[in-house]
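Asker: Given the structure of chain A, go ahead and fit chains B, C and D onto it with the hints provided.
Chains as they are written, first to last, in my numbering: chain A, 1 to 170; chain B, 1 to 170; chain C, 1 to 170; chain D, 1 to 170.
Just so you know, not all the hints are guaranteed correct.
Chain copies aren't distinguished; within one or between two, either way the pair holds.
[Claimed, not checked] SDA-like cross-link-like pairs, simulated, lysine to any residue; straight-line CA separation at most 20 Å:
id, residue 1, residue 2
1, Lys-44, Phe-3
2, Lys-7, Lys-44
3, Lys-12, Lys-53
4, Lys-44, Pro-32
5, Lys-53, Thr-136
Just so you know, these hints were derived from the structure itself, not from any lab.
4 protein chains.
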Amino acid sequence: MDFEWVKNYLEKNNSGASSNDIDSMPFAIFEPLIMSGLKIDLIKRGRVICSMKVPPRLLNEDRSLHGGATAALVDVVGGVVIPTINNATSSGVSMEINVSYVDSSCVGDEIEIEAKTLRVGKVVAVSTVEFRNKKTGKIFAQGRHTKYLVVSMERYEETITIYIFSWMSC
Amino acid sequence: MDFEWVKNYLEKNNSGASSNDIDSMPFAIFEPLIMSGLKIDLIKRGRVICSMKVPPRLLNEDRSLHGGATAALVDVVGGVVIPTINNATSSGVSMEINVSYVDSSCVGDEIEIEAKTLRVGKVVAVSTVEFRNKKTGKIFAQGRHTKYLVVSMERYEETITIYIFSWMSC
Amino acid sequence: MDFEWVKNYLEKNNSGASSNDIDSMPFAIFEPLIMSGLKIDLIKRGRVICSMKVPPRLLNEDRSLHGGATAALVDVVGGVVIPTINNATSSGVSMEINVSYVDSSCVGDEIEIEAKTLRVGKVVAVSTVEFRNKKTGKIFAQGRHTKYLVVSMERYEETITIYIFSWMSC
Amino acid sequence: MDFEWVKNYLEKNNSGASSNDIDSMPFAIFEPLIMSGLKIDLIKRGRVICSMKVPPRLLNEDRSLHGGATAALVDVVGGVVIPTINNATSSGVSMEINVSYVDSSCVGDEIEIEAKTLRVGKVVAVSTVEFRNKKTGKIFAQGRHTKYLVVSMERYEETITIYIFSWMSC
Chain A
1 MDFEWVKNYL EKNNSGASSN DIDSMPFAIF EPLIMSGLKI DLIKRGRVIC
51 SMKVPPRLLN EDRSLHGGAT AALVDVVGGV VIPTINNATS SGVSMEINVS
101 YVDSSCVGDE IEIEAKTLRV GKVVAVSTVE FRNKKTGKIF AQGRHTKYLV
151 VSMERYEETI TIYIFSWMSC
Chain B
1 MDFEWVKNYL EKNNSGASSN DIDSMPFAIF EPLIMSGLKI DLIKRGRVIC
51 SMKVPPRLLN EDRSLHGGAT AALVDVVGGV VIPTINNATS SGVSMEINVS
101 YVDSSCVGDE IEIEAKTLRV GKVVAVSTVE FRNKKTGKIF AQGRHTKYLV
151 VSMERYEETI TIYIFSWMSC
Chain C
1 MDFEWVKNYL EKNNSGASSN DIDSMPFAIF EPLIMSGLKI DLIKRGRVIC
51 SMKVPPRLLN EDRSLHGGAT AALVDVVGGV VIPTINNATS SGVSMEINVS
101 YVDSSCVGDE IEIEAKTLRV GKVVAVSTVE FRNKKTGKIF AQGRHTKYLV
151 VSMERYEETI TIYIFSWMSC
Chain D
1 MDFEWVKNYL EKNNSGASSN DIDSMPFAIF EPLIMSGLKI DLIKRGRVIC
51 SMKVPPRLLN EDRSLHGGAT AALVDVVGGV VIPTINNATS SGVSMEINVS
101 YVDSSCVGDE IEIEAKTLRV GKVVAVSTVE FRNKKTGKIF AQGRHTKYLV
151 VSMERYEETI TIYIFSWMSC
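So that you can see chain A by itself, here it is in the shape it has in the complex (with noise of 0.2 Å):
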């Protein structure tokens, strides 16, 4: 039981300086983060295709995309794709969302991010998100993404958007 390992990874971004850089950060640095540099290769209905080189400021300790920015990818990319069918101006909540990682990605890897979307209802929506190398064509990740409509909710019920909001609001 590695307790001291433990306490040294989860507390090593809270000393001094550094710190302090990262407390001060803009609203919704978060986004921006992730997503800078995507490129769009595609929009159609119900599909998308992105494309980044993988940066160095998105990179775990083992040199590799990190998992967690990944997962941050499936919910951006497999959102956005909702409103090419529903013409929504949001992409609505995350209900859930998942990924399976099968390979690693390395820093400045062309990689190419694929979503599609398996339903778009009026009340929930379902796309699939898959991540490849560009070059080689391979497959790195495949994750899905499970939304909640709020904006077309709105159209249709007021207690039932009141609900929503209840859920949502902050």
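Answerer: Leaving out everything else, chains B, C and D in the frame of chain A:
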């Protein structure tokens, strides 16, 4: 089909000065960004509880904790609980992560993240991660994390170690 | 590439007499097949515990509880816990199920299945389901189940009800 | 809180004669029950397509294909695609299964189940499984299956083999 909205959303972070700031962010800033401020409340065999105040930097557009940040915290805290059992000084490579989001978490909320091991074998470990509002005790997300235990393996067999590193090497 | 093995495995159940027996099995026998023998140990608000003895009929070729049967039990017990909160007389339509298998369960083992609700809203409910060996207390599987609450919806709005039934209707 | 409904639902299969019939069902009937009628349309390296007619025996109370049966089919077909790559005569032990249900499938519908491998390593394999209505081509469920490759391992190392069998042995 609102292709314009999708395009704007995906490319919003690629414009001018702010984009330059992000591109020049330090190596592996992703983990400090999500973990800074995380405090340890409990470390026991097979169980870790951390807490943090939801920071402005991790919000989404709805001003609640970004689903991608929550997923990244499942990755980190779900991984770090494993060495409380197997003495490794690494928590291995992520194989699978899933998260269900059942409520929102707002800026300034004190949250509690509890990870428990479901299994720590010689090759594979699985843990669960639960997110609660510290004040109300209400769960707002729950996930699971499966890891491949690289370091433990090294002790066993050369052949497999080589294979593992070919999986994860960058 | 062992195509022959795959072919034989998939078609093994399609031969002659035994196949006829199966094809003539009664309507919806699937649920009795997995649930027969299930006893209730506890019903509380948001929590149900059942137990059963792993029966020979639910084994796989390795003589342990079939992973598909475990998943089916997540579906059933994860669904049935929802009406302990929302008073519905249906537990809705399955949207998502996931299961992690962390140990095997053998024929004759007394097992305990505990379902807890994570959220029961007006439209969607999420529950967790944990499988334990009753004697050792050891977890052998854990899953999550997301359901769409059809019946609750009916009370709210005609339009959405129609949509829901177009989803689920047979 | 409708405890009575829950109680009746869980115990409905434990009454008298029909229960006896089920308890006396043959060893491992579960797999034939879900697979009988499954035909192979295609076997290629890393890809298997099967089809079947949704049988009355696999329905739920809403008269659509039972979610638990779909999950069990993910287990079976997601496992069987692995030996198209690794030559094993076993597809290993299930580690994780997940399924998203996006539409219903009705009795008599011709359905198509397509499994593809995402990764077949020496220790772990991951596959995806997609369910489509054969006539309309519409996806009604999609899942993922992670397996631990027992048989491949045996070739490598005694120590680990022992460990694996302690996981799975019954």
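Asker: With reference to the structure, classify each hint as holding or not holding.
Answerer: Each hint tested on the structure:
{"no.": "1", "hint": "Lys-44 to Phe-3", "result": "between (50 Å within a copy, 8 Å between copies)"}
{"no.": "2", "hint": "Lys-7 to Lys-44", "result": "between (47 Å within a copy, 11 Å between copies)"}
{"no.": "3", "hint": "Lys-12 to Lys-53", "result": "between (27 Å within a copy, 17 Å between copies)"}
{"no.": "4", "hint": "Lys-44 to Pro-32", "result": "neither (24 Å within a copy, 36 Å between copies)"}
{"no.": "5", "hint": "Lys-53 to Thr-136", "result": "within (14 Å within a copy, 38 Å between copies)"}
Comparing the model with each earlier hint shows a violation of hint 4 alone; every other hint is respected.
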